[in-house]
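Participant: As a plain string of letters, each chain reads:
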Amino acid sequence: MLNPAVSSFGEILLYLIGGIVFVAGALLTAWIIRPSRPNVEKLATYESGEEPVGSAWGQFNVRFYIVALVFILFDVELVFLFPWATVFGKKALIDATDGMWGWFAFVEMTIFVAILGLGLAWAWAKGLLDWVKPEPVVKQQGSPVPPGLYEQINRTVAAAARAEQRKQKE
Amino acid sequence: METQAPTIAPLKASLQAILQDLPLLYPELTLGLGVLLVLLGALLIPRSWRNEGLAVLSLLVIAASAYMLLYKGLPAEPVHLLARTLQLDKMAVAFRLLVLLSGLLAVLLSFREGKKLAGEYYALLLGLLMAAMLMSMASNLLLIYLSIETASICAYLLTAFSGGREGAEAGLKYLLFGAVASAIMLYGMSLLYGFTGTLDITAYGFKSGLMSLNIPILPVLLAAFLVLAGFLFKISVVPFHLWTPDAYQGAPLPAAALFSTAPKLAGLALMMRFLSHFLEAGIIFAGLRFDWQFILGLLAIITMLVGNLAAVWQQDARRLLAYSSIAHSGLLLAAVLVFRALGYKALLFYGFVYILMNFAAFLLVSMLKAETGSYKIADYRGLGSRLSYSSVLMVVVMIALTGLPPTAGFTAKLLVFSALWEGYSSGGSSMLLYLLLTGLATTVVALFYYLKIPYYLYLKKQPEAVVQVEGSTVLERILAGALALLLVLFFFRADWVMNWIEAFTISQ
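Those sequence lines, one after another, are chains A and B.
Under our numbering, think of the first position of the first sequence as 1, with each following residue one higher.
Under our numbering, think of the first position of the second sequence as 171, with each following residue one higher.
So that you can see chain A by itself, here it is in the shape it has in the complex (with noise of 0.2 Å):
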C-alpha cells in the first residue's frame, strides 16, 4: 500500500524515477559485466538490423508487417490484461455480488482472449508466420561450353600456380 500522503503527482514523479533507475541500473549492470572489444560494426549507430544512414524510402520485406501486426494485437492484448487483472480479483467486488462478478470477467476475458487466439491460428495457418527466405534465382546463361571444361581449366591454372609458389620457394 502507498502511503496516503503521495497525490496523484507524486505517484507519477514516482514512476518517472523508477523508470530512470531501471534504465540506469540495466545500462550499468552491462558496463560493468561485459568485455570491451569494440570494432567498425559494433560502434555503428543501431537501427533495427537496417543500414543507418541513407534513404528512408527504402523498401522493407512485407512479412515485417505481418510480424509488427500479430505482435501489436498480443500487445494490445496485455494491456488489457492489466488492469483487468487489478479488478478480476477484488474480494469486496466479488462478495458484493454473490461470486457473479468474478464469473463475469473471468467469462469476458476468456472470449477476448479465445477470438485473439482464433486470429493467432488462423495467421499460422494460412502461413503468414512463415519467414520463408527468398530463393537466389541461378541464372542460366545458355552457353556452349559444358561445365566440366571450367573445372578442368581451374584445376590445371591452380596446379600450374601451385607449381610457381614451389617454385618461388626453392
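Careful, some of the hints might be misleading.
Unchecked claim - Cβ pair distances, simulated, as ranges:
| id | chain 1 | residue 1 | chain 2 | residue 2 | range |
| --- | --- | --- | --- | --- | --- |
| 1 | A | E47 | B | K182 | 51 to 57 Å |
| 2 | B | E222 | A | V62 | 28 to 34 Å |
| 3 | A | G142 | B | L230 | 53 to 59 Å |
| 4 | B | A673 | A | L116 | 37 to 43 Å |
| 5 | B | R335 | A | G19 | 44 to 50 Å |
| 6 | B | A673 | A | V107 | 33 to 39 Å |
| 7 | B | V249 | A | V62 | 44 to 50 Å |
Bear in mind the hints are in silico, worked out from the structure with no lab data behind them.
None of these values were measured; they are calculated from a predicted model.
Note that beta-carbon positions come from the ideal geometry of N, C-alpha and C, so glycine has one too.
Following the hints, put chain B in place on chain A, whose structure we already have.
Facilitator: Just chain B, lined up with the frame of chain A:
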C-alpha cells in the same frame, strides 16, 4: 476501497440486468459467433467445396439470427438494454429484419464471386451485418461510434477484397474518407458530451443539458452537425457521397449491393433515433427555433439532384447503380424528415422494396457480366434477342428502380410522396413540398438513365463479334426471377407488406 462502497450495491443489480438483456441480443450474438465459425470453417473445410460450405454456413447463421429475432428477441414494449446503451423498440426490430434480409441476399449473390475470394469474405460480411444491426439500436454515443466504426472497417476491407488495382484504389479512398468522417463525428460527440455530461442520448440529462441557457446555440448546432456528418457519410448523402461510385466499382458486386442497403438503412434508423431525441431539445433551446427539416431537406434535395444528374453520364453499370443509390438516399432521407408515423411507414416500405430491387439490379449486372464479360452499358447492345431471360428481368427491375407501375417501386415512391404531401398539407414546413417537387422532377431524370439499359438491350444492333465468357448459373436465374416476380407481386399486393409494417409501427 472506502470510496467504492456506494457503487457496489447497484453492481449486482446491473450485472443481473445484463444477464437478463442477453436473450434479446441473441440475433447479434449469433452473428458474432457466426463470424468465428466462418473463420474456423475457412481453416478446416477442404478447398474443393470451401466456398459453397462457407456460403451455406453463413446462410445458416443468418437464418438462425432471424429466428432468434422473430421468436426470442421481440420485447413487449420498448426497453433499454445493457446499461442504457441500446434501445430496443419496434423500429429497431424492423430495421434489424431489413438488415438480415439484405445479408441473406448478399450471401446468395456471393456464390459466384466467393470462388475468387478467401474465407474472410463471409466473415466480414457477417461482421458488417452485426454492426448494422447494432447501429439500428444504438442510443449511446459510444456505442453509436463503435457500431458505425465496426461496419465501416468491414466495409473498407470488403471493398479492397477483389485484390486488383481497382479494388485497392477504391478501398483506400473509402478508408480515407471514412476516417475523416468518423474523426469529425467523434469530435462532435466529444462536444456533446462536454455540453451535457452524458453519453446517453435518451437520458434526461442530455436533453436538459442541451436546453440549458448557459450554452450558446451555435456550438450546440455545430456539434450536432458534426455528429450528423458521420451518419450522412454512411447513408452517402451529398456532400459525403464521393466514396460511393469508386467503392461500388471496386468492391465485389455482392458487397457493393450490401453497402447500398444494410449500412444505409441502419444509418437512417440511427439518424431517426438521434433526431427524435435531439429535435425536442433543438426546438426550444435558447428561445430560438432551429429548423432541422430545412437544412437536412436542403441536403436531401441536393442529393437527389446530384445523384440523378450524375447517373445520366455514367457508362459503367456499377457506377450507374452507385449514383442511383445516392439518388435513392435523398428520397429515403426525405421520408425520414416527415417525422410522422406515415413517413416512417413509407420509409420502411421503401427500404424493403429498395433491398429487393437493388439486389435484383446488382444480380442482373453480375449475370450480364458473366454472359458478356463486361460492365459497360454500351456492351449490352442487342442482347435482348440473345439473352432474353436476363434482359426481360432487367427491364422489370429498371422500371421498378425508376418507380413506374406495375412494380412495387412505384408503390414505394407513391407512399413517400404522399407522406411528404400529408406532412406539408397538415401544417408542416414548406420544405416538404420542395422535397416532393424535387422527387417528382428527378423521377423524370431517372426515367432517362434507367431506361438507357433496356434501350441498349433492345433497340441497339448487336456487334458482329460476340464473346460468350461463361453462362449464368441456374441459382442466379432462379433468384433473379424470384426477385423480379416479388417486385411485380408487391405492386398488386402492397397490402401484404403494409400489414407487416403495421406490426412494426412506431410505439414510443
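Participant: Hint by hint, note whether the structure agrees.
Facilitator: Now for the hints, and whether the structure bears them out:
Between A/E47 and B/K182 the C-beta distance comes to about 55 Å, which sits within the given range of 51 to 57 Å. Roughly 31 Å separates the CB atoms of B/E222 and A/V62, a value that falls within the hinted 28 to 34 Å. For the hinted restraint 53 to 59 Å between A/G142 and B/L230, the CB-CB distance of approximately 58 Å keeps it satisfied. Against the hinted window of 37 to 43 Å, the Cβ-Cβ separation of B/A673 and A/L116 comes to about 41 Å, which satisfies the hint.
For the pair B/R335 and A/G19, the supplied restraint of 44 to 50 Å holds, since their beta-carbon distance comes to about 47 Å. Separation of B/A673 from A/V107 is about 36 Å and conforms to the stated range, judged on CB atoms against 33 to 39 Å. Remark: the range hint 44 to 50 Å for B/V249 to A/V62 is upheld by a beta-carbon distance near 49 Å.
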